[in-house]
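Okay, here's what each chain looks like letter by letter:
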Amino acid sequence: MNIDHSKPLEYSTEQNRLNILGFWIFLGAEIMLFGTLFASFFTLVDRIGSGPAGEEIFEMGPVLLETFFLLTSSFVIGLVVHAMRIGNKKAMITFFVITLLLGLGFLFLEINEFMTYYHEGATLQTSAFTSILFTTLGTHGAHVTLGIFWGTFIIIQVARRGFTPETANKTFIFSLYWHFLDVVWIFIFTFIYLKGMTGV
Amino acid sequence: MGYFSRFMVPHASPAIYASMVAIAVTMFLLVVGLTYFKKWIYLWSEWLTTVDHKRIGIMYLISALLMLFRGGVDALMMRAQLAVPENKLLASQHYNEVFSAHGVIMIMFMAMPYIIGFMNFVVPLQIGARDVAFPRLNAISFWLFFMGAMLFNLSFVIGGSPDAGWSSYFPLAGNEFSPSVGTNFYMISLQIAGIGTLMTGINFMTTILKMRAPGMTSMRMPMFTWSIFVTSVIIIFAFPVFTVALLMGALDRLAFTKFFTITDGGMDMLWANLFWVWGHPEVYILILPAFGLFSEIIPTFSKRNIYGYKSMVASMIIISLYSFMVWTHHFFTMGQQAYVNSIFSITTMVIAIPTGIKIFNWLFTMWRGRIRFTVPMLYSLAFIPLFTIGGVTGVMLAMSAADYQYHNTQFLVAHFHNVIIPGVVYAVLGASTYYWPKMFGFTLNERIGKMAFWVLNVGFCLAFFPMYITGLDGQVRRMYTYSADTGFGPWNFVSTIGSALMALSYVLIVYMIYYSIRHSPREGASSDPWDARTLEWATHSPVPEYNFAIIPEVNSREPFWDAKYKGLSIFKGEYNKIHMPNNTGAPFIMSCLFFVFGFSLVFSMWYVAGAALIGIFVCMAQRSFQIDHGHYIPLEGVKETEANYGGGSDK
Amino acid sequence: MKTTRSIFVCFILSAFLTGCDLVVLDPKGPQAETQADVIWLSIGIMSVIVLVVCAILVYVLVKYRDSKLPKDYEPPYIEGNHIVETIIVAVPVLIVIFFSVVTIITNNKVEATPEKYKGQDPLIVYASSSNWKWHFSYPEYNIETVNYLYLPTKRPLEFKLYSYGPITSFWIPQLGGQKYAMSDMVTTLHLAADDVAAMEGRNANFSGEGFAENTFYVETMKQVEFKKWVRDVKGRAAPITEKTFNKLLKPGHLGQLTYTGTHLGFSPPPMEHSGQPNDEHMSDSDAKGKHLDHPHSHE
Ligand code: HEM
Ligand SMILES: [Cu+2]
Chain A
1 MNIDHSKPLE YSTEQNRLNI LGFWIFLGAE IMLFGTLFAS FFTLVDRIGS GPAGEEIFEM
61 GPVLLETFFL LTSSFVIGLV VHAMRIGNKK AMITFFVITL LLGLGFLFLE INEFMTYYHE
121 GATLQTSAFT SILFTTLGTH GAHVTLGIFW GTFIIIQVAR RGFTPETANK TFIFSLYWHF
181 LDVVWIFIFT FIYLKGMTGV
Chain B
1001 MGYFSRFMVP HASPAIYASM VAIAVTMFLL VVGLTYFKKW IYLWSEWLTT VDHKRIGIMY
1061 LISALLMLFR GGVDALMMRA QLAVPENKLL ASQHYNEVFS AHGVIMIMFM AMPYIIGFMN
1121 FVVPLQIGAR DVAFPRLNAI SFWLFFMGAM LFNLSFVIGG SPDAGWSSYF PLAGNEFSPS
1181 VGTNFYMISL QIAGIGTLMT GINFMTTILK MRAPGMTSMR MPMFTWSIFV TSVIIIFAFP
1241 VFTVALLMGA LDRLAFTKFF TITDGGMDML WANLFWVWGH PEVYILILPA FGLFSEIIPT
1301 FSKRNIYGYK SMVASMIIIS LYSFMVWTHH FFTMGQQAYV NSIFSITTMV IAIPTGIKIF
1361 NWLFTMWRGR IRFTVPMLYS LAFIPLFTIG GVTGVMLAMS AADYQYHNTQ FLVAHFHNVI
1421 IPGVVYAVLG ASTYYWPKMF GFTLNERIGK MAFWVLNVGF CLAFFPMYIT GLDGQVRRMY
1481 TYSADTGFGP WNFVSTIGSA LMALSYVLIV YMIYYSIRHS PREGASSDPW DARTLEWATH
1541 SPVPEYNFAI IPEVNSREPF WDAKYKGLSI FKGEYNKIHM PNNTGAPFIM SCLFFVFGFS
1601 LVFSMWYVAG AALIGIFVCM AQRSFQIDHG HYIPLEGVKE TEANYGGGSD K
Chain C
2001 MKTTRSIFVC FILSAFLTGC DLVVLDPKGP QAETQADVIW LSIGIMSVIV LVVCAILVYV
2061 LVKYRDSKLP KDYEPPYIEG NHIVETIIVA VPVLIVIFFS VVTIITNNKV EATPEKYKGQ
2121 DPLIVYASSS NWKWHFSYPE YNIETVNYLY LPTKRPLEFK LYSYGPITSF WIPQLGGQKY
2181 AMSDMVTTLH LAADDVAAME GRNANFSGEG FAENTFYVET MKQVEFKKWV RDVKGRAAPI
2241 TEKTFNKLLK PGHLGQLTYT GTHLGFSPPP MEHSGQPNDE HMSDSDAKGK HLDHPHSHE
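Residue numbers (this note's numbering), protein chains in the order written: chain A, 1 to 200; chain B, 1001 to 1651; chain C, 2001 to 2299.
Treat each hint with caution, since some may be false.
[Unchecked claim] List time: in silico EDC-like cross-link candidates among lysine to aspartate or glutamate, alpha-carbon distance up to 16 Å:
#1 B:Lys-1564 / B:Glu-1574
#2 C:Lys-2063 / C:Glu-2079
#3 B:Lys-1639 / B:Asp-1528
#4 B:Lys-1210 / A:Glu-14
#5 C:Lys-2118 / C:Glu-2158
#6 B:Lys-1564 / B:Asp-1531
#7 B:Lys-1572 / B:Asp-1562
#8 C:Lys-2154 / C:Glu-2079
#9 B:Lys-1577 / B:Glu-1545
#10 B:Lys-1566 / C:Glu-2033
#11 B:Lys-1564 / C:Glu-2158
#12 B:Lys-1088 / C:Glu-2158
#13 B:Lys-1310 / C:Glu-2213
#14 C:Lys-2222 / C:Glu-2242
#15 C:Lys-2250 / B:Glu-1176
#16 B:Lys-1088 / C:Glu-2219
#17 B:Lys-1310 / C:Glu-2079
#18 C:Lys-2154 / C:Glu-2213
#19 C:Lys-2116 / C:Asp-2194
#20 C:Lys-2116 / C:Glu-2158
#21 A:Lys-195 / A:Asp-46
[Stated by the list, open to error] Examples of chain C residues lying across from chain B (beta carbon under 7 Å, computed):
#22 Val-2050
#23 Leu-2051
#24 Val-2053
#25 Cys-2054
#26 Asp-2066
#27 Ile-2083
#28 Glu-2085
#29 Ile-2104
#30 Ser-2169
#31 Pro-2173
#32 Glu-2209
#33 Gln-2256
[Stated by the list, open to error] One side only, chain C facing chain B, incomplete, derived with CB under 8 Å:
#34 Gln-2035
#35 Tyr-2077
#36 Ile-2078
#37 His-2082
#38 Thr-2086
#39 Val-2089
#40 Leu-2094
The set of hints was computed from the structure by calculation and includes no laboratory data.
Glycine included, C-beta positions come from ideal geometry on N, C-alpha and C.
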């Protein structure tokens, strides 16, 4: 294994560089995935059958809070990479834990939100609109859930092994993933919630 | 008992019971055979756990050949049923299951793995690399594909096959009109296989971008590598669409969502759109690598460089862009406005232009060449006129006003078989003969190969040209029977004879493989039996584990040719120890868990599904924590292997 | 190669010989005629392309086969040739441009009332499919048939298509191409018949077990004859009720049936598709979420 010390640790080996490029390409595929979900959402948004429409069930409060949690966590994951670059393991782990806690908070709120919809009679099976709504949000939520597990594994590895080309590489890739989920959420927030609530 | 009744095949026929017995017997013999010959360990350590792109490629090819058999039997059943009017051989429901299985198997589990098999075997060799970018991911891709294929095939004997066609249009494919679990198998097995394909796309795109030998600029890449690069891009953009469509389809069936239902706002047209947004690029995912293979075979056997390299590359790029802009041509008749049809009609015809350019470039590659009629070349030569016919009928279909008359008829069936068989199937059969010596170190028997080719060719023409005629005479596709006074009878009979010839050619091909394994000379086999031009021929046959003892250096488009005839050297430098990835059983185990997961979803066995899902996560976690730096083949090992092959790989 | 080619030539020849017998190429109405013209035109031009490719191929194979060449012949290295490459791009481009014009013109033709009979009000027929039959409602005459269609000649016909089940495709090849019938929107197909004829129509899109037999009988007749038939039906047929109609919808095959009245009142078609100006987009707000059970009529 050749380590190139002129590059940041996460880019320092050939395999690391391949991993990062590969992950970018994977994110390209993820964009298509969410793009398809959005396209389907826009197609089905008015098809509410006898169920509620978006403006009847969406509530600004929890959604804003979710947005706040996720945006903040995306900022904090930036700090994680920064801490890693300057080699501060303790700060890095602390920030990482905060990121994941914010992610957990987001998930908690989102599940709560789903429960509310459920009680208001909007379930996965109510109409084409609710089906695509839950599927789109759920796909994003599942990504966040997976991310929390993955992030936890990385934290444990960094704690045990310190900064190696592998752990640095994983951390960096995780940060890409997390930022990506944040971007997707911004789209969800704008085009599903805001648009749905204002009805424009 | 109530619980287990779900596993029964509804409308089981004697043929299905016979297949159950056949499958059980085969499995039993397999187990006994492996035990008797003490091959379990060999199987596990050399194949099931391998991450070597060559072995993975070969496993793809074997799977594809097996699936060609399964899909071919389906085809023969359909042709037998249609041979004469009002035939009673298959009941309607059975016929519907047969053609649905046929379509899915041929596209997803025959053509795709054939293509991906060659992609795996050839690309790293062509670009002078030791493996792909992510060897372990590659193994996962293969095993996911394999398990998806197995799951799909299981539907035949457990629970019942899908019966809504390979395009599985809703609401027909929904719970209301397809109550058996068949379509669940469709949604879930294709999802599992599709994830594998998507990862293959990512893997090869990274590999081709980053792992080319020094000096191999993008405009020096061999044509096949170019085609795989473009294909990978298409895979990455097209497959996620299918992932979403399948997810929605599976949810509609298993969780009773309302995406494509008749009531509660469901929209059947959404499925049709999503399916073809993936489906049309998918046909180009199949054909571009086939073009790539022809672009390797034709120059070799014409002793000429490929004509119009740059326009070949440009054509593929244009095709890849346009392939995303034509999906509506699959449903011109869905009631959109005339101008929408006009737009998609034109974009579709535009695709024919780059395709035509490629045809002419192949012709001009042979011009002033020195043409040898070997088996791979015969396939390529037959491909040119036959594919042209398929292409021009595509243009005919693209004229949407006329498509109102062709759509859903045998004319359409004739079109796509006319592009897929001479295009994709001829390519992979030709390439199988072409690359066989590179894989196994000896050549396939030429005489039987030519025989198989001619039989296939005649069979193909007999089987599919009549369909153009009956299509124009109003014979619709997917119709299990027709009356005598339609007049379709004689033409259909000819088709059936053609399909029998195609079956015969399959038998000949298998016999050719068997015969060659037993009788082809191994001694003195050359590593470059065809006098080829690209890097994969610069190393030994069969290829050593590490591909190249010394990473080649490239100074031209045809480095090996120039090395042979212009005295340029491609292997500079000394032998060294070689870093290789470790074998691992995790991909196989994880894919088995995916199989269990998929199977239990098909039958709504949620607890088992949950357990399997946890198992999958455990595998991922294990991977995350594992430290695996691969291993080195020591210098002495490299030297010894090279010596065994008889000297430097430059020869 | 020779056998392949001769087989192919045989097929082409027989195709031409039988051409006039093939239903699609034996039009009985202006729309089918337009389509048959496009088909012949494209067969013609496309055959030329196939022939050119075959000719070059044969030439190259004859001239440059290994066995015919002198022993010391070494093929040259040829990068490409701008003139040749321009030709192989330009000619297909010209063909595609030509076809584009043809496709735009003919699309607009088949998607509109036939030019020939423009002066008259079209006869509107609602054709709906259910597993595995066709229901034809004539609102103008307030009658309904199952599995057969009587149509007047020389008058534009406008079919409103929808489905009570899987997607089907309404197709009378000799009058014109097909169009889908779906459960969540109505599509429109414009046809017309020139002459008196009897023919077969069918569902062309796979719809499950009874698909093969999902056909219907079509007869075109002079307008007076048609009126006579209508009067006759009114005299003898029983009225269609919601109950009988729901029975008809059950999966299966029925013979030909005739009723007075239509099902459009109690089982209205789904919202209309934006095939014409003046619907959906205009009435977007009140079309929202209206489906099978929410009528949205704007005749
Ligand atoms: C010259 C370029 C081509 C053109 C212009 C073209 C055009 C078309 C059109 C317009 C249709 C839809 C017809 C209908 O449903 O009524 C169609 C169907 C189809 N084409 Fe092509 N095509 C071309 C090349 C190919 C190639 C290279 C492949 C595959 C390798 C292919 C595979 C298919 C398949 C599988 C279908 C039908 C799928 C189905 O309905 O089950 N086509 N083509
Ligand atoms: Cu297509």
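Comparing the hints with the structure gives:
1. As the CA atoms of Lys-1564 of chain B and Glu-1574 of chain B are separated by approximately 20 Å, the hinted pair breaks the 16 Å bound.
2. A C-alpha spacing of about 20 Å is found between Lys-2063 of chain C and Glu-2079 of chain C, which places the hinted pair above 16 Å, so the restraint is violated.
3. Distance restraint check for Lys-1639 of chain B and Asp-1528 of chain B: the Cα-Cα separation of roughly 21 Å exceeds the 16 Å cut-off, and the hinted pair is therefore not satisfied.
4. For the given pair, Lys-1210 of chain B sits about 9 Å from Glu-14 of chain A by alpha-carbon distance, which is consistent with the 16 Å threshold.
5. At roughly 12 Å between alpha-carbon atoms, Lys-2118 of chain C and Glu-2158 of chain C fall within 16 Å of each other, so this suggested pair holds.
6. The straight-line distance between the Cα atoms of Lys-1564 of chain B and Asp-1531 of chain B is roughly 9 Å, inside the 16 Å bound, and the hint therefore holds.
7. A distance of roughly 15 Å separates the Cα atoms of Lys-1572 of chain B and Asp-1562 of chain B; the hinted pair therefore holds under the 16 Å criterion.
8. A distance of roughly 61 Å separates the Cα atoms of Lys-2154 of chain C and Glu-2079 of chain C; the hinted pair therefore is violated under the 16 Å criterion.
9. With a C-alpha separation of about 13 Å, the suggested pair Lys-1577 of chain B and Glu-1545 of chain B falls inside the 16 Å cut-off, and the hint holds.
10. For the given pair, Lys-1566 of chain B sits about 63 Å from Glu-2033 of chain C by alpha-carbon distance, which is inconsistent with the 16 Å threshold.
11. Of the pairs offered as hints, the one joining Lys-1564 of chain B and Glu-2158 of chain C is violated, with about 71 Å between alpha carbons and a cut-off of 16 Å exceeded.
12. Straight-line distance between C-alpha atoms of Lys-1088 of chain B and Glu-2158 of chain C comes to about 38 Å, which puts the hinted pair past the 16 Å bound.
13. The hinted pair formed by Lys-1310 of chain B and Glu-2213 of chain C fails the criterion: a straight-line CA distance of about 53 Å is larger than 16 Å.
14. For the hint linking Lys-2222 of chain C to Glu-2242 of chain C, the alpha-carbon distance of about 32 Å lies beyond 16 Å, and the restraint is violated.
15. With a CA separation close to 13 Å, the supplied pair Lys-2250 of chain C and Glu-1176 of chain B stays within the 16 Å bound.
16. For the suggested pair Lys-1088 of chain B and Glu-2219 of chain C, the alpha carbons sit about 30 Å apart, so the restraint of at most 16 Å is broken.
17. Only pairs whose Cα atoms come within 16 Å are accepted, and Lys-1310 of chain B paired with Glu-2079 of chain C is accepted, the gap being roughly 9 Å.
18. Taking the CA atoms of Lys-2154 of chain C and Glu-2213 of chain C, the gap is about 29 Å. The hint is violated against a cut of 16 Å.
19. With a C-alpha separation of about 10 Å, the suggested pair Lys-2116 of chain C and Asp-2194 of chain C falls inside the 16 Å cut-off, and the hint holds.
20. At roughly 14 Å between alpha-carbon atoms, Lys-2116 of chain C and Glu-2158 of chain C fall within 16 Å of each other, so this suggested pair holds.
21. Proximity of Lys-195 of chain A to Asp-46 of chain A is assessed by CA-CA distance (about 12 Å); at most 16 Å being required, the pair is judged to hold.
22. Hint status for Val-2050 of chain C: holds, given a least beta-carbon distance of 5 Å to chain B, under 7 Å.
23. Hint status for Leu-2051 of chain C relative to chain B: violated, with the closest Cβ pair at about 10 Å, above 7 Å.
24. The closest approach between the C-beta of Val-2053 of chain C and any C-beta of chain B is roughly 5 Å, which is under the 7 Å cut-off, so the hint is satisfied.
25. With its C-beta approaching chain B no nearer than about 5 Å, Cys-2054 of chain C sits inside the 7 Å limit, and its interface hint holds.
26. The criterion of a C-beta within 7 Å of any C-beta in chain B is met by Asp-2066 of chain C, whose closest approach is roughly 5 Å, and the hint holds.
27. At its closest, the beta carbon of Ile-2083 of chain C sits 12 Å from a beta carbon of chain B; the interface hint therefore is violated under the 7 Å criterion.
28. The interface hint given for Glu-2085 of chain C is met, as the beta carbon of that residue sits about 6 Å from the closest beta carbon of chain B, less than 7 Å.
29. Among the interface hints, the one on Ile-2104 of chain C holds; its C-beta lies about 5 Å from the nearest C-beta in chain B, closer than the 7 Å criterion.
30. About 6 Å separates the beta-carbon of Ser-2169 of chain C from the nearest beta-carbon of chain B, less than 7 Å, and the hint is met.
31. Taking 7 Å as the C-beta cut-off, the interface hint given for Pro-2173 of chain C holds, the closest approach to chain B being about 5 Å.
32. At about 5 Å, the closest approach between the beta carbon of Glu-2209 of chain C and any beta carbon in chain B falls short of 7 Å, and the interface hint on this residue holds.
33. Because the smallest distance between the Cβ of Gln-2256 of chain C and any Cβ of chain B comes to about 17 Å, over 7 Å, the interface hint for this residue is violated.
34. The closest approach between the C-beta of Gln-2035 of chain C and any C-beta of chain B is roughly 5 Å, which is under the 8 Å cut-off, so the hint is satisfied.
35. Taking 8 Å as the C-beta contact cut-off toward chain B, the hint placing Tyr-2077 of chain C at the interface holds, the least distance being around 5 Å.
36. For Ile-2078 of chain C, the interface hint holds, the least distance from its beta-carbon to any beta-carbon of chain B being 6 Å, beneath 8 Å.
37. With 8 Å as the threshold, the beta carbon of His-2082 of chain C stays out of range of chain B, its nearest partner Cβ sitting at about 10 Å, so the hint is violated.
38. Checking Thr-2086 of chain C against chain B by beta carbon gives a least distance of about 10 Å; that is not within 8 Å, so the hint is violated.
39. The beta carbon of Val-2089 of chain C is positioned within 8 Å of a beta carbon in chain B (closest approach about 6 Å), and the interface hint is therefore held.
40. Hint on Leu-2094 of chain C is violated. Least Cβ distance to chain B is approximately 10 Å, over the 8 Å limit.
Checked against the numbered hints given earlier, the structure breaks hints 1, 2, 3, 8, 10, 11, 12, 13, 14, 16, 18, 23, 27, 33, 37, 38, 40 and satisfies all the rest.
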